[in-house]
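Sequence lines, in order, name chains A and B.
Each residue of the first sequence is one higher than the one before, starting from 1 at the first, in the working numbering.
Each residue of the second sequence is one higher than the one before, starting from 249 at the first, in the working numbering.
For the record, the hints were derived by calculation from the structure and aren't laboratory data.
Any given hint might turn out to be false.
Covered by chain A, per the in silico footprint, the following chain B stretches (three or more residues, Cβ under 8 Å) [stated by the list, open to error]:
1) 392-400
2) 544-553
Some residues of chain A that are not near chain B, with every Cβ distance over 12 Å (derived) [claimed, not checked]:
3) Gly108
4) His211
5) Asp222
Because the structure is a prediction, the values reported are computed rather than measured.
In this text, a Cβ means the ideal position worked out from N, Cα and C, and glycines have one as well.
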Amino acid sequence: MVEVHELSKSFLDPKRGEIRAVDRVSFTAKPGRILGLLGVNGAGKTTTLRMLSTVISPGHGTALVGGFDISKDPTRVRETIGFVSGSTGLYGRLSAKECLEYFGQLYGLSGAQLSEAMSLVSDQLNLHEFLNQLCDKLSTGQKQRVSIARAIIHNPPIMFFDEPTAGLDVLASQSIMEFIEGCRDQGKTVVFSTHIMSEVERLCDDVVVIHEGQVRAFGSADDMKIQSGTMTLEQAFLNLLGYERGDA
Amino acid sequence: MLRDRRVLFGALVMPLLLILLMMKMFSLIESSVTGGEATKIAIVKGGESSSLGKALSAVPKATIKLPKTVGEAKKLLADGTVRLALVIEPGFDAQMASGHAKVQAYYNSSEPLSGLALRIIEEAVSATNKAAATAKIKEKGLPASVLDPISLGKSDTAKPEAKGAEMLLSLLPYMIILWSFYGGFSSVSDMMAGEKERGTLETLLLSPVGRNDIAVGKLAALSLICLASALSAVLGVVLAGMVSKQGGMELKVSANSLAAIIAMVLPLVAMFSSLLFVVSTWAKNMRECQTYLTSVSFVVLIPAVLSNIIGFTGIDKAPWLKFVPILNVGAGLRQAFMGVPDWSLIGVALVVHLMIAAVCLRLTLRLINKDQVLVRI
Chain A
1 MVEVHELSKS FLDPKRGEIR AVDRVSFTAK PGRILGLLGV NGAGKTTTLR
51 MLSTVISPGH GTALVGGFDI SKDPTRVRET IGFVSGSTGL YGRLSAKECL
101 EYFGQLYGLS GAQLSEAMSL VSDQLNLHEF LNQLCDKLST GQKQRVSIAR
151 AIIHNPPIMF FDEPTAGLDV LASQSIMEFI EGCRDQGKTV VFSTHIMSEV
201 ERLCDDVVVI HEGQVRAFGS ADDMKIQSGT MTLEQAFLNL LGYERGDA
Chain B
249 MLRDRRVLFG ALVMPLLLIL LMMKMFSLIE SSVTGGEATK IAIVKGGESS
299 SLGKALSAVP KATIKLPKTV GEAKKLLADG TVRLALVIEP GFDAQMASGH
349 AKVQAYYNSS EPLSGLALRI IEEAVSATNK AAATAKIKEK GLPASVLDPI
399 SLGKSDTAKP EAKGAEMLLS LLPYMIILWS FYGGFSSVSD MMAGEKERGT
449 LETLLLSPVG RNDIAVGKLA ALSLICLASA LSAVLGVVLA GMVSKQGGME
499 LKVSANSLAA IIAMVLPLVA MFSSLLFVVS TWAKNMRECQ TYLTSVSFVV
549 LIPAVLSNII GFTGIDKAPW LKFVPILNVG AGLRQAFMGV PDWSLIGVAL
599 VVHLMIAAVC LRLTLRLINK DQVLVRI
């Protein structure tokens, strides 16, 4: 379970002054469900996920991740989550296997436990064919699979996906989405950030529309279409943002 | 890290290679000086039969050319065939006998070998003058010692370690200081700034490992690289000492001196690596990091260059020098190579460098625990 309450974050820009990236965001993500954070670029999705994963500290507000407070117990939060992003990288001079070993050890795994975890994620993400190749030599899709394997090596009950299909082709995106569905089926709590409507419609049980750092709507994709009186999620989304033709 | 060939080459191979290359260069210079390059002399035809001409022809490895005219001699000087052209007036020996003879030397002061040739000629002229004066004094029945009433005895008090190694003594501290710093140069921008740029720092920060542990672990790796580089430079020095034995520039390093060298290099490495690391932690990306590092390298280079020439300034024993970072190590290393390590200077240098290292580490820990380490606008 992820419970977010009035979470805020500001950055100080020497030229523009204070920038409020996230402004009193609240939502709840439940086990066995996928919550979609839907918003345009710069809406505050990544900042929210970074706060929830304790990589950056919240300005105001609180959040409980797996029952642990992100401000008071960040190490336990990090032990509980897996984080996959389109922008997180891999060590190019390590092979996929070495990369998994390294991160497994960082999560406290060793010996038979580590071998078992590596074998499990390799099967799950079909890594065997390139396990011994250097990460620098892998394709974008293969890298993303290794990246996911790195994030789930410790079998976390909560998964954060921050635009995980960015830059991937249709086939690679498809396998990532199937994997996210698999996480839900295993009863994990999944928070999935994206700006692609079709992914939200396919994957998300609950949707949080976030814009200019604030939550604009919270509910299911169907609820949003009904509430806005539109046929598609895209139109509902544009309505929530107050977009009119010619605004772009 | 060791899979990165740049690190292996930059930190381990380069210091060794450069020191040995430098030694080779010095022995080449020395052999060109002693091998007769400076004694290629033109004597305008006629002068070679004079007593001075004969004295010059007797100089070991001398090459004497005999151009017919002064113009021809100058041409030989200009094209580098000779280093100096000499015009010995006809009737030189008769003029010598009457007490006044004139010799004109043409040389090129912009060429070091030409200046050296002038010094050889000046010595030869001086020797000829002395021989003539001695002969006259003997004629008058006076002892030859009248010409040299003061007899100067010379006793070298230099330790055996330092004898014949003046050039090495001024260069080696500089090389060791430089490589303690530059050894980590090739890898430090990759360590934090590069990890931010590639997105791997975020994955590290997402693990349950504490940020302080990450910083200390990375700093330990960088220190190891800087230390390996510095030790590679020390090894280069020892090898250079062994190689230079044949060339007359012998350098002996006793166990006491080696201990002193290591006692100075260790805190220096700690300071350099923590300084480099704080820069990499602050920088947004590799490009920014390299720009900062270039500026920082000047702060290191200036005292390092000063340490190179400190032996000529006379300040190498000034009490305040102990407290100047880098420069104190320069002076201390020089003394250690001379076989007279100053342990009080080494102690102060150790404290000074470790204090700076501690300040840099504290800064790094503050930076890595802030959001700005990932998100800096």
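### Separation of A:Gly108 from chain B, once the least beta-carbon distance is taken, above 12 Å
Label violated. Min Cβ-Cβ 7 Å, cutoff 12 Å.
### Message
Checking a non-interface call: every C-beta of chain B should be farther than 12 Å from the C-beta of A:His211. Is that right?
### Response
About 20 Å separates A:His211 from the closest Cβ of chain B, which puts it past 12 Å; holds.
### Query
Do three or more residues from the segment 392-400 of chain B put their C-beta atoms closer than 8 Å to C-beta atoms of chain A?
Our answer is that it is violated, as 0 residues pass the Cβ test (under 8 Å) against chain A, missing three.
### Verdict on chain A covering the segment 544-553 of chain B, where coverage means 3 or more residues with a C-beta closer than 8 Å
violated (count 0)
#### Entry: Verdict on A:Asp222 as a residue remote from chain B, using beta-carbon distances over 12 Å
33 Å, holds
Comparing the model with each earlier hint shows violations of hints 1, 2, 3; every other hint is respected.
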